[in-house]
Each structure stands twice: as C-alpha cells, then as structure tokens.
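*Asks:* Residue numbers (UniProt numbering), protein chains in the order written: chain A, 1 to 568; chain B, 1 to 162.
Check each hint, because a few of them may be wrong.
Unchecked claim - Straight line, CA to CA, 27 Å or less: simulated DSS-like cross-link-like pairs of lysine-lysine:
(1) A:Lys94 - B:Lys61
(2) A:Lys151 - B:Lys2
(3) A:Lys352 - A:Lys234
(4) A:Lys151 - B:Lys61
(5) A:Lys380 - A:Lys527
(6) A:Lys71 - B:Lys2
(7) A:Lys337 - A:Lys195
(8) A:Lys173 - A:Lys46
(9) A:Lys543 - A:Lys520
(10) A:Lys193 - B:Lys61
(11) A:Lys94 - B:Lys66
(12) A:Lys313 - B:Lys61
(13) A:Lys45 - A:Lys94
(14) B:Lys2 - A:Lys183
(15) A:Lys352 - A:Lys404
(16) A:Lys380 - A:Lys313
(17) B:Lys66 - A:Lys193
(18) A:Lys434 - A:Lys543
(19) B:Lys66 - A:Lys313
(20) A:Lys195 - B:Lys2
(21) A:Lys137 - B:Lys66
(22) A:Lys151 - A:Lys313
(23) B:Lys66 - A:Lys178
(24) A:Lys404 - A:Lys380
(25) A:Lys378 - A:Lys367
(26) B:Lys66 - A:Lys183
(27) A:Lys151 - A:Lys48
(28) A:Lys151 - B:Lys66
(29) B:Lys2 - A:Lys313
Said to hold, decoys possible - Where chain B lies over chain A, by a calculated footprint (3+ residues, C-beta under 8 Å):
(30) 183-197
(31) 476-487
To be clear, the hints were calculated from the coordinates, so they are not data collected in a lab.
We put the CB at the ideal spot given by N, CA and C, even for glycine.
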Amino acid sequence: MSSTTEAITGGRLMVELLEEAGVEIVFGYPGGAILPFYDELYHSKKIKHILVRHEQGAIHMAEGYARSTGKLGVCIATSGPGATNLITGLTDAKLDSIPILAITGQVATDAIGTDAFQEADIFGITIPITKYNALIKKADDLSRHFEEAIKIAMGGRPGPVLLDFPKDVQLEKTTVRKASALKIAPHHYERPKVKGDPQEFADALNQAKRPLLYVGGGAINSFASAEIKALAEKANAPVTTTLMGLGAFPGTHPLSVGMLGMHGTAYANKAVLECDYILNLGARFDDRVAKYQDFAPNAVRAHVDIDAAEFNKRVNVDHILHGDLKDAIREILPFVKGGDRTSWIENIQNLKKNHPLDFDNSGDSIKPQDFLQKVYAKTKGEAIVSTDVGQHQMWAAQYYLFDKPNTWLTSGGLGTMGYGLPAAIGAKFGNPDKTVICVTGDGSFQMCIQELATIAQSQLGVKILLFNNNFLGMVRQWQELFYEERFSESQWTYNPNFVKLADAYGIPAMRIEHKSEIEKGVEFFLKDNGSALIEVMIPAEEKVFPMIPAGKSQQDLIEFKDLGKLKK
Amino acid sequence: MKHTLSILVNNHPGVMSHVSGLFTRRGYNIDSIAVGVTDNVDVSSMTIVLNGDDFIVGQVKNQLLKLPDVLRVQDMAYASSVQRELVLISFSISETNRSEALTICNGFDVKILEMTEDSLLIEFSGNSRQVSNIISVLKPFGIREISRTGQIAIAYRNQNAV
Ligand SMILES: Cc1ncc(C[n+]2csc(CCOP(=O)(O)OP(=O)(O)O)c2C)c(N)n1
Numbered sequence: 001m002s003s004t005t006e007a008i009t010g011g012r013l014m015v016e017l018l019e020e021a022g023v024e025i026v027f028g029y030p031g032g033a034i035l036p037f038y039d040e041l042y043h044s045k046k047i048k049h050i051l052v053r054h055e056q057g058a059i060h061m062a063e064g065y066a067r068s069t070g071k072l073g074v075c076i077a078t079s080g081p082g083a084t085n086l087i088t089g090l091t092d093a094k095l096d097s098i099p100i101l102a103i104t105g106q107v108a109t110d111a112i113g114t115d116a117f118q119e120a121d122i123f124g125i126t127i128p129i130t131k132y133n134a135l136i137k138k139a140d141d142l143s144r145h146f147e148e149a150i151k152i153a154m155g156g157r158p159g160p161v162l163l164d165f166p167k168d169v170q171l172e173k174t175t176v177r178k179a180s181a182l183k184i185a186p187h188h189y190e191r192p193k194v195k196g197d198p199q200e201f202a203d204a205l206n207q208a209k210r211p212l213l214y215v216g217g218g219a220i221n222s223f224a225s226a227e228i229k230a231l232a233e234k235a236n237a238p239v240t241t242t243l244m245g246l247g248a249f250p251g252t253h254p255l256s257v258g259m260l261g262m263h264g265t266a267y268a269n270k271a272v273l274e275c276d277y278i279l280n281l282g283a284r285f286d287d288r289v290a291k292y293q294d295f296a297p298n299a300v301r302a303h304v305d306i307d308a309a310e311f312n313k314r315v316n317v318d319h320i321l322h323g324d325l326k327d328a329i330r331e332i333l334p335f336v337k338g339g340d341r342t343s344w345i346e347n348i349q350n351l352k353k354n355h356p357l358d359f360d361n362s363g364d365s366i367k368p369q370d371f372l373q374k375v376y377a378k379t380k381g382e383a384i385v386s387t388d389v390g391q392h393q394m395w396a397a398q399y400y401l402f403d404k405p406n407t408w409l410t411s412g413g414l415g416t417m418g419y420g421l422p423a424a425i426g427a428k429f430g431n432p433d434k435t436v437i438c439v440t441g442d443g444s445f446q447m448c449i450q451e452l453a454t455i456a457q458s459q460l461g462v463k464i465l466l467f468n469n470n471f472l473g474m475v476r477q478w479q480e481l482f483y484e485e486r487f488s489e490s491q492w493t494y495n496p497n498f499v500k501l502a503d504a505y506g507i508p509a510m511r512i513e514h515k516s517e518i519e520k521g522v523e524f525f526l527k528d529n530g531s532a533l534i535e536v537m538i539p540a541e542e543k544v545f546p547m548i549p550a551g552k553s554q555q556d557l558i559e560f561k562d563l564g565k566l567k568k
Numbered sequence: 001m002k003h004t005l006s007i008l009v010n011n012h013p014g015v016m017s018h019v020s021g022l023f024t025r026r027g028y029n030i031d032s033i034a035v036g037v038t039d040n041v042d043v044s045s046m047t048i049v050l051n052g053d054d055f056i057v058g059q060v061k062n063q064l065l066k067l068p069d070v071l072r073v074q075d076m077a078y079a080s081s082v083q084r085e086l087v088l089i090s091f092s093i094s095e096t097n098r099s100e101a102l103t104i105c106n107g108f109d110v111k112i113l114e115m116t117e118d119s120l121l122i123e124f125s126g127n128s129r130q131v132s133n134i135i136s137v138l139k140p141f142g143i144r145e146i147s148r149t150g151q152i153a154i155a156y157r158n159q160n161a162v
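One chain only, chain A, in its complex shape:
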C-alpha cells in the first residue's frame, strides 16, 4: 500500500489488474453502469475486447476460450439485464468447472437496494452459481477482491467468479494497487499436497486382473494427459473417458474404449460391468454415467479428485487420493507394476468387435455419423470441436476421436443449448491457427445465432456444421421411444433459410441433402481457414445409439442392433 503511487480510478485499476494478470482478450457488451470501465478499456493496448451480440454469447465465448487454452476466460456485462444474461453461462461454467471471471457493472453504491434503473442484485442471484463472488464497495478493496477472485477461479477445482463493480467505485480514486492481505485462506487457491497413500492405491491396481481407468474433465483442468497415458500404458489398463474427459486420453490409442455413460460406447459400458478395479481420475460419478451405488458392481473402486467434497458423494469408494490429478498420478506411478492383462485386453478387443458403434448407412440420405467420420478424416482429427446440445452433440462425441486435451468443448453438466457457436468463437480467438468447428443442430443454433455477427465482424474462421432434422432431435428421440411418438412441440414448423442467413452475414454457406453431395460438401466446408457454414439435411428418425434409458444403469444399455427391443 505505497502512498507514493498516484491515485487512479477503480476503472483504470481494473484494466491494469487484468493486464498484469496476463489477460489478452475479454468478451463483453457495454451499458451505462459499466461505462467508466469501458472508457478505461478504450485506452488499453494489451487487452482486446470482443463486442458480442448477447451477453450469453460473451460468457460462452469466455468458456470456449478458457477450455481450449487452459487460461482464464473473462467476460463483461453491464448491470441489470446485462448481468442477468450471464446467468446461464455462469451456471454452465460452475457445472463444468471452467475458470471464468465475470465483471458486471452495478448501479452506484448509494442507489443499491432502491430498485434503481437497471439494478439487479446480481451478487445475491449468483451466489449459488459461482465459486466466489463479491460486490466491490470501495476502490481500495478492488485489488484484493480481484486477486481473490482470479485465484479462486483458477485454483483447486476451477470455476466461475463474479465481481460486481458499482459505477461510482469505477470512478473513485485509489492508491491501493496491490492487496496487502487476502481475506481467504490459502487452501482455497494453493495447490494442495496429495493426501492419501499412493502405494496402497497402486497396490490395489497391481492386484487387479481387469482394471479400468475412468477419466473425467478434471484431467483436462489438471493438464494430466501425459501422466494418464503413462499410467495406462504402464499398468496395461484400458481407459474410458466421460463426455467432459474426451481428449484427456487419445481416442485412437489401442487402450482407449471411448466414452462412458448414457450415450457412451457399448464396450465402455460393458467394461464397467466386467472390470474388477475402477480408477476414477478426476470424474465425479455423474448421474449420466453412474446411475446407482452399484456402479461397477464387481470392482474395487478408487477415486482421485482435487475436490474432497466429491468423495463418496454419489458412489462409495474403497480408496481415496485427494489432490491435483497430475501430482497424484506422479506419486502413484513409481508403485505401479506391469502385470499380465492379456486376457482382459483380449476381452476388451472382443467387446469392441462385437459391439461397435453402429448405424444404418444404406439409402440416399446423409447420416450424421457418416458425415462426422468424413470431417474427422479430412481434418486428420486435429480440429477443435465445440457442440451444442442434443443428438448432434452425442454423434460428435462418438465419431470424432479426440486425441488431445482442450480440443473438445461441450456443455456437459448443464447441457446448454446455445453454447456451441459462442464457444467455438472463443476457441478460435484463442487458437487462430487451428481449425475450429461448431457442430450444432437447427434448434440449438437459433439460441445464440446472433453471434454470427461476431464472426463476421472479426472475420473469424469458425466452421459451422449444422445438422438440420427440422426437429429438436433429442427431444424427438425420447418422444419416439418413451412417449409413443407424441411429438409434442419438438417439430419446427418454421426454420429460416440458414444458407441465406449466413449469406446475410457474409459467411459462405452451402446446403447438402443427398449422399452424393457429401464429398463436395466436406471439401467446401474445410477448404481454407475462413468461416463457413454447411447445412446437412439429415433424417428426423435418426437416433443416437447406444443408449442407456434415463434412470436405468449399464445393464440396460440398448445398442443400435437392439432397436426392436425398445419399441416392444
């Protein structure tokens, strides 16, 4: 707290703190209550501001940026309606543990609580959906709140934080540029020491005849891919990942059994039933994966997580290791022995052979699975892929094999339609040299479709793969299978002409309907680094398989070939 430094406004200080924290890009939308801060941002040479078309777009972009780069994502909104438009994204980031800093304008401190123009109690509203939030009451407190906020966002299990920034505090002058002391305890942000017995942990793995590694999104947050690969190879253990964990272990690796859960592969779900040891690495026994306490019924269960509150939350486990995944695996590794797992691996190979991902590709219509496989081949599996929510999301998860972490961006926990397009935009800003593809559906696309303007404005090379079935496909699938084909409000009786719409934004677009056009379509879609939209017309009846019906467990998995069973 040096008194020799010149007093600057809170708004100026916020800009400087962001710069010092290495923030290079922010996504936002201005308004009255945040104008003093925007005025300071105007002068920043280090921070690029991306003007979005809806604040929901801003926060999903920040999420896509964060998830694909491993850095903090920052978004800005004004008070009231601007701030409330961030709610979905904050909840999304909370459920998927994405480090986000949201800065919201607030009415002046003396007007707070008076129902002033554009006032919302965003601090109160966001308590349950942020990891941490604060209302900055004085410019002198700003540096402390800022430091606490970003430490909490990035530390431990990452998550969204929100700083509510009243207009008068943005204008108030302060000389306090650095927090003298933080009010939060270090264990909330410092990397914890690994707690537990790595040797005992490894022993259980060594004794297993049929081990299975079950890898979640925590593996991405902890940058633990190399360690997971080393562990799997040393132990000779097959690996399945959750939806959030895709890419944390190479999808093309011989030990990979693909995705687990409701729409995971049959072989992964069967492997869970057969394994005698399951090692959860940064997953949370999510209810789309582990329906009941008897998850992996024949297995000794072990769990590594950075969040102690996850242990025994939904499924009881036998061995616990608390800490950062990367550190924990490094501690386990020296005790891990090779072991002969030939028959288990053979067993897995047979499962793969006998229960492959499957679909019917006869006929003239384009099958999304087929199209995705072609896109995968053409991009050599090297694209960053974001998705929206629905059937297209699951097809993308199944048919685009992710070999690298931070290349798969999807709303796993909240299942947010509207996530895909802005997340792709955020990812492209963070990875300008990579191919970034948003896989979306005709329903989801219309939830944040206005962000096409953000692509156009920045001349951003985002690729949009739109599967059009003129339905809310996933809803339709459930209605077909479980509601006797009563398609209540799932069919679009109006869809815009998506190609013309893209054209209006100056984005090259093409529609294809027949199998014969696939090659031409893929070629057009991926021909250069520029933006493109391809609308692929697909049959409304196409379904996602395998499928574990809601409320059922691994035993009840339905494969493509069992379709008849379902309809009874």
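Chain B with the ligand: place on chain A using the hints.
*Replies:* Frame of chain A; chain B with the ligand shown alone:
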C-alpha cells in the same frame, strides 16, 4: 438425527446467504440458525441445528468447507458441548393464577422482565428441550408472544469431562 454445527465465518454481507443457500439447495431443513460476531469483529460464529443422518451432515460439512468465507466447521456432539437457547415469553395471568405462575417461574430459574395486571414477560435460557418444556408448561396460561433465539453451542475444552 439432530446435529449442531458450529461454523466460523468471515463477517461480511452475503455470507449468511451463501451458507443458508447450501442448505436450501439440497432441500435440507434448518431447525435453527443463530449468528453473532466473535471477539474478532471480522469473524462471526454461526450455530446451525439441522436434522439429518451422518451422510447428509457430512455432505453439508464438505460443501461448507468449500466456501471461501467459511473458516471452520465443527459438528458438536451433544455430550461434549454446551447448548443454549434464549427465549422471551409474554403470557397472560389473572388474579387467580398469578401466584401459580410465579411459583413456576421460580422453579424454572426464570427472569421476570415485566409484570402487569394481566401479563408476565419472562426470559429463560436453557437447552432446546428445556426451552420447549417451559413453553408447554406456560401454554395453559395463554401465551401472547414468543421469541426464541435459536440454539448456540460451544464445545467443552476437556472432552473427557462429561
Ligand atoms: C437451453 C436449453 N433448452 C432446452 C433444452 C432441452 N433439450 C435438450 S436436447 C434438445 C433438442 C436439441 O435440438 P437440436 O439443437 O436441433 O439438436 P438435435 O438433437 O436435433 O441434434 C432440447 C430442446 C436444453 N438442453 N437447453
């Protein structure tokens, strides 16, 4: 089963919402919550009484410890802590039952704060069972108003003493 959680938190606005929000979100009912500042003005002490099995209380504890403003969580075993509640009761009396009322008050170690022709205002502190007890004893007189603080608790230093 009833559990009493004693929680130390940073003393600033919003902390109460953060803490109580954890309970509402999970649908756990708080029987009572009492908050007061400690000898350190930056720190408040909260006592929360809730009904739940060990699993539920364990979950609550884990989630509480994740809140940056929560400094400590203690699950108070009944036998090794003092648990107190304060209650103020105003109730009706008449000429005929006035002396009966006063006898009861004496027996219960009650403080009389105000006596009018037809009413008594008393203060009583004890554990929750005792507080409920005095309320039911005074009920026949006709209770006009009751205000309970909710339970507070502190662990005995010597855990073997009791
Ligand atoms: C914001 C939001 N509203 C509603 C839902 C429920 N929902 C899940 S999938 C789905 C259908 C998605 O349709 P579309 O985007 O066309 O994708 P498709 O399933 O056809 O591939 C709906 C409505 C949701 N996940 N998110």
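*Asks:* Where does the structure disagree with the numbered hints, that is, which hint numbers, in rising order?
*Replies:* Numbers 2, 6, 13, 14, 16, 18, 20 and 31, in rising order.
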